[in-house]
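Chemist: Residues per chain, in single letters:
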Amino acid sequence: MSTTTTTTPRKRGVVERLSKSWLYIGLIGIGLVSFVRIVTDTDDLTAAGTIRAAIIATCPILAAALGGLWAERAGVVNIGLEGQMILGTWGAAFFTYHYGPWVGIAGAALLGLVGGLLHAVATVTFGVDHIVSGVAINLIGAGTATYLAEAIFPEYEGGGPRQLNGLEAPTQITIPGVSDLANTIADKHWFFVSDIASFIQALTTNISTLSLLVFALVVVSAVVLWRTSFGLRLRSCGENPQAAETLGVNVYFYKYVAVLISGALAGIGGGFLALVASSGFSTGQTGGRGYIGLAAMIFGNWRPGGLLAGALTFGYTDSLRLRDTQSVHSLLLLVALGLLAFAALRAYRRQVRGAVAVTIAGLAVLAWFLSTDSVPREFTVMTPYVTTLFVLALGAQRLRMPAADGETYRKGSAG
Amino acid sequence: MRRLTKLSAVAAVAALTLAGCGGSDSEGGGGDKPAASDDVCKTADGDGPKIGLAYDVGGRGDQSFNDSAYAGLEKAVDEFDATCIEGEATDGEAESAREDRLRNMAENDATAIVGVGFAYSESVNAVAPDFPEVNFAVIDGFDPDEEANDNVAYLGFAEEQGSFLVGVAAATKSQTGTIGFVGGVNNELIQKFEAGYAAGAKAAKPDIKVEVAYIQESDLKGFGDPAGGKAAAAGEFDKGADVVYHAAGGSGSGVFDAAVEAGEGNFAIGVDSDQYLTATAAQKPFILTSMLKRVDTATFDFAKSIDEGKPLVSYKVYDLKADGVGYSTANSVIEELTADIDGYKDKIISGEIEVPTKP
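First to last, the protein sequences are chains A and B. The working numbering puts the first sequence at residues 1 to 415. The working numbering puts the second sequence at residues 1001 to 1359.
Note that these hints are calculated values from the structure, not bench results. No residue lacks a Cβ here, since even glycine has one placed at the ideal position from N, Cα and C.
One side only, chain A facing chain B, incomplete, derived with CB under 8 Å:
#1 A47
#2 A53
#3 A277
#4 E378
Could you build all of it, start to finish, from the sequences and the hints given here?
Modeler: If you want it as structure tokens, here you go:
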């Protein structure tokens, strides 16, 4: 990814303004998807059902990614997200069974927090290598959850040593008038309008309050981390803890808080899997979503917007390929058009080499789309991974992690 | 630095211990767990054959495949005064771990060892020649090389025949003319389910449409992903299917959830064991039937052959005729269809209908 800075400041400003306005990008994106939907005649691309499934598939990854964001912004690499998530699934099951779904979510957060505490004690207080501790937490999380399930769940109604089914889900919201109206419009399959209507329908029909909560947490995290002095201090611990300490910031405290919140968020992600994405706990149900969240966060450039884009892309493409393998073929056209549009932007910025490279890639995908009728099944599973990588690699070309991320900090080392 | 090393060592040891408690061989640790207390292998002390049962991922308590094998074992212990040892695979373990588990059992004097699940095929093939006096069996297994092992039995099932019957049920029950299938992993074994199901549906209603989805193409985690199962099944219900059959192991509970959300008039079909019996109260009315795969029969049969001194070897297929597969009638909704289904069943047994094994 070469980026040359030959453009004059004035032109750059225009492009920056354009590319920064998410509204435009969103609208162009929806227009593009709508166009592809009509050309390829795959209504599933923007069907309300697909979007609903995409939201559900996104949330656990998003929660884990947010967890990663909090920890890494404070300079602690948390690859224990997966383990904390697994603990969260168990916590959600246990507390929901006894006290209902909302206490269950709190329980999921609590169990995740315990995982976070372990990680914080190991990495912050004792200076254990972050990766070593993270791997240990993944093993501990999986082992503990399996052990606790075997020890406790068999006696419960709907339970067994490996699962606890029939958990009560958090409230679902439907806005009657809007939902029906949107449904009517969506069914007309008009260009653009029906796609927007599908979105509205998915957002107003049986949407889980927990989904809304997870999306709200992205905004809350962004505000707290970037708009408060608390957030500034926390991030300073991830950029330059020595400097932070000389300014009187209690580095250990902030790192602890960040890692605890990180674990709790991952736990909530696990709780979502057990309560909303399915109706019960089963061992191994996280299936690596913690790692995917971590990857979404990294490719999202350690920014809330970026990780949201990553999680959404992954969730959308994953549910798309699950629902309809044929639609993956239509996705090729979408990727091709996206690449060509991006190449045009590159050309506008006079980044010739980049523009040529992306154009060639775009044309190659377009040729693939035109010359085939379907994507081989073996490839469809990779769709979410490849697409997410594509989108985020193009979106953020220069990744910059917090400067002191993953480094062990000892109190007083500022000298 | 020294403290760091010590701590990571402690963390690693703690991790291993806990991971050990969670899964793997039940011979070590965790004996006071309530689940383990009703484990027949803990109390059996007869002088019959010693049977080793190596579970697949999921292990005892999966309310499906592995539990069915355990049921067969329990019966064998009961009838032949057998004793037993158990072991369980963990997700993503190395091939050598499976071999070690089998070797461990053989060295602990097991005379009959059953690997539950096709994933044991390779490891049994590697271990069996070293223990010529021990008899092995692999449920759903196959011989991976040319050389035949004379102490290994491959116990297969005619899943396509059982799937054919539930396909008939699905097509007959369907009002919309569209039915669905959700497979856990797109491999040859699960394709047998799909092929039989589609053939049965077409036999009952030639113009039926069958939507097919697989959660994973090759990654075995597709059998333990309820969220993925729910998304795949919801997609099929959205496309107009009103009966969805799953062959997705633990992901199946997500398929049942999807049927519940699709509402009245929609159904799901279970697999391997009678899933109506283990489903939650909310799911029960939506479970039309289950394709039964009698792993318990096969396990018991193998133990019996050992007890009689005429151990099973080579391939054996448990089909409709041998009562190795079938369908459940636990939900009364199925009653109006049983005459139809049993008609097809007789035709399959008599050979009049030949069920395909590939879609």
